[in-house]
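To convert, note that position 62 of the sequence shown is 62 in UniProt numbering; the numbers rise steadily by one, no gaps.
These are calculated hints, taken from the structure and not from any lab test. Check before you lean on any hint, since a few could be wrong.
[Stated by the list, open to error] Computed list of lysine-lysine pairs in DSS-like fashion (alpha-carbon distance at most 30 Å, straight line):
1. K64 to K78
2. K90 to K78
3. K66 to K87
4. K64 to K87
5. K64 to K90
6. K87 to K71
7. K66 to K78
8. K71 to K90
9. K90 to K66
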Amino acid sequence: MLGINKTHTDKEESDAISDLLNRNTLMLINDDFHTFDFVVDALVDVCSHNPDQAEQCAYITHYKGKCDVKKGDMSTIKPMRDRLAEKGLKVNIV
Numbered sequence: 001m002l003g004i005n006k007t008h009t010d011k012e013e014s015d016a017i018s019d020l021l022n023r024n025t026l027m028l029i030n031d032d033f034h035t036f037d038f039v040v041d042a043l044v045d046v047c048s049h050n051p052d053q054a055e056q057c058a059y060i061t062h063y064k065g066k067c068d069v070k071k072g073d074m075s076t077i078k079p080m081r082d083r084l085a086e087k088g089l090k091v092n093i094v
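Please build the complete structure, drawing on both the sequences and the hints.
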């Protein structure tokens, strides 16, 4: 039994490490150009935020200069970054 639990624990640890290594953050950067409504609409459309969540991200970006708007693997985050950039928003992946 101990061997089974040990193996299970090692797999869980391996999965957790893999998740951390493959976790990317989509960062929205304040640009002092786009309106709050434009940013909110873009986050709802591209990142599937609800309107309240998108509004909070817009305010955080405005007051702090940047905001983590989405976390995930690169295959999920990169297309979102590209679509937000096409809308003229400043975004990067960290």
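We went through each hint and held it up to the structure:
1. K64 to K78: OK: K64 and K78 at ~23 Å, within 30 Å.
2. K90 to K78: Holds - the C-alpha atoms of K78 and K90 are around 13 Å apart, at most 30 Å.
3. K66 to K87: Answer holds: K66 to K87 is near 17 Å, not above 30 Å.
4. K64 to K87: Roughly 21 Å separates the two Cα atoms, so the pair holds.
5. K64 to K90: holds, 14 Å
6. K87 to K71: At roughly 20 Å apart (the allowed maximum being 30 Å), K71 and K87 satisfy the hint.
7. K66 to K78: holds, 18 Å
8. K71 to K90: With Cα atoms ~17 Å apart, K71 and K90 stay inside 30 Å; holds.
9. K90 to K66: Answer holds: K90 to K66 is near 10 Å, not above 30 Å.
Going down the numbered hints, you'll see the structure goes against none, and every one checks out.
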